[in-house]
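Take a look at the letters that make up each chain.
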Amino acid sequence: MKKYLQNTWQAIYTVLVGMKVTFKHLFTRAVTIQYPDVKIPLPERVRNRLYVNIDDCIGCDQCSRACPVNCIEIETVKAVPGEDLGMTSNGKKKALWVTKFNIDFAKCCYCQLCVFPCPTNCIYMTDIYEFSEYDRRNLVYKFSNLTEEEAAEKKANYEKFLAEKEAQKAAASKTQQ
Amino acid sequence: MYQLLYNITGNVIISTIVVALIPLTVILIYALFAIWLERKVSAHMQDRLGPMRTGWHGWLQTIADMLKMIQKEDTIAADADKKLFNVAPVLVFTGSFAAYAAIPFSSALIGSEIEVGLFYIIAISSLVVAGILMAGWASNNKYSLLGAMRSAAQIVSYEIPTALIVLTMAMYTGTLSLTKISEMQTAYFWNWNIFGGPEFGITKFLLIPFMIVAAIIMFISTLAEVNRTPFDIPEAESELVAGYFTEYSGMKWGMFMLAEYANMLAVSAVVSILFFGGYQSPFGYIGNTLNIQWLIPFEQTFWFLSKGLILVFVQMWLRWTLPRLRVDQLMTVCWKYLIPYAVVNLIVVGIISLI
Ligand code: SF4
Ligand code: SF4
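Chains as they are written, first to last, in my numbering: chain A, 139 to 315; chain B, 4 to 358.
Calculated directly from the structure, the hints in this document are not laboratory data.
Where a beta carbon is used, it is the ideal one built from N, C-alpha and C, also for glycine.
One should not assume that every hint holds.
[Claimed, not checked] Label pairs and their computed distance ranges (CB to CB): (1) B:Trp338 - A:Lys158: 24 to 30 Å; (2) A:Glu286 - B:Glu240: 50 to 56 Å; (3) B:Arg56 - A:Glu286: 41 to 47 Å; (4) A:Val159 - B:Gly287: 34 to 40 Å; (5) B:Gly287 - A:Tyr151: 33 to 39 Å; (6) A:Gly156 - B:Lys183: 36 to 42 Å; (7) A:Gly156 - B:Ile355: 29 to 35 Å.
Using the sequences and the hints given, assemble the complete structure.
Listed below in structure tokens is the structure:
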């Protein structure tokens, strides 16, 4: 009997304690934020979407080789003599056309390993974190600033140059004989 | 109210429809408000903000959801018993809507002034069980069936403490008419039944603790009857998906929700009529002081709805405080605790009112 009354009292008492707690929380400030309108300030060294300043890229392929998941795809074409590709901002001479520079963000694990080896500091992590897409293929970001025709043209140019060289060599060896 | 309209229009059908439409509009507006309130209450109790985007603090959210729900496809599972499946939500809503027929919103706004209002409400709200069982059975789904069974077991058990407390109050007030019970507790809040009723004297003070116990038991058991947490095991979304309405979509699901919220107000109304003076103001009427008679019914409606909404708020408050009970705990609470207390309370109140 005593146990029974005790149980009853305990049930009522504990419910009241719980209600007191929730009632207090009714008036505490919300800890959530109104996300798209309000954003939490990001820490200084966040690692989010990569950006490549393609004007500075010398096409050395270091980043692609450092990447543990192989999500950077780089194709380059050598410049033919006489073509001036300009300089990078820290004074390196560019010698390669970057015909393709794709980063697949569906694969990227944001490890930042690609950032360190870059000799021109042109690949780096930004603080943009909203880049969801409905189609996975849209997550492949193309950084190369050459259009496909231009890339094809550069390729053709280089091949022509090679062929010419080849021909010259052949001609030279012929004259030697 | 019906009589008044009949005198004005002289037409049975028009006056019936108008009288029926008043509670329906009240329910619909209240349900929209209550669903919004529940979201806000739940959010703030969890230190969130809840809906904020549609309208000021999201007050349009429920309306937007309703519009969305109306456009939803009406799916019926292939093996479901189509007829029963379609009738069930209507039946559940009818059950909770019909209860409003006897509830006095104010001294002027009463659907039907029946002498046995209290019993009528207990009887008609059993229709909800039938509807829930029907929904669970017709869905042809194990979760639905289990939910329906649990609901039947729960509601049938908790009718007993409810009926015992109703019996206590009927014995104490000497009437089953909700209007008369409200009328008795007039004027000031110390005349409310929870403070020992209108009479003065030793019995009043002896009664107070027992009335409080009765009110608590009544509140708990009505909570169980409308399937609200901590007694929401028929829905039990973590074990039974959504219980008896798992298979429902669109507006039929909406009707279950509407019925749930309508029921919440109905039982709150009954509790407030029995213990908190029904539509009576706690401190007299402005209409009486200023001598404007027509103001009084409006004040009464205001007090009635505020009391109802406060109790609805307490129900929500409990929902976001307590975890769900297990089935055996549910039965323990009812059979081992509520019923013995209710019986003892009945006897004691009987003896005290004899003094
Ligand atoms: S952050 Fe890591 S995974 Fe992503 S591209 Fe760079 S090296 Fe690859
Ligand atoms: S390491 Fe830097 S310069 Fe080299 S290919 Fe990558 S981005 Fe370009």
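Results for each hint:
no. : hint                            : in the structure
1   : B:Trp338 - A:Lys158: 24 to 30 Å : holds, 29 Å
2   : A:Glu286 - B:Glu240: 50 to 56 Å : holds, 53 Å
3   : B:Arg56 - A:Glu286: 41 to 47 Å  : holds, 43 Å
4   : A:Val159 - B:Gly287: 34 to 40 Å : holds, 37 Å
5   : B:Gly287 - A:Tyr151: 33 to 39 Å : holds, 36 Å
6   : A:Gly156 - B:Lys183: 36 to 42 Å : holds, 37 Å
7   : A:Gly156 - B:Ile355: 29 to 35 Å : holds, 33 Å
The structure fails none of the hints (numbered hints given earlier).
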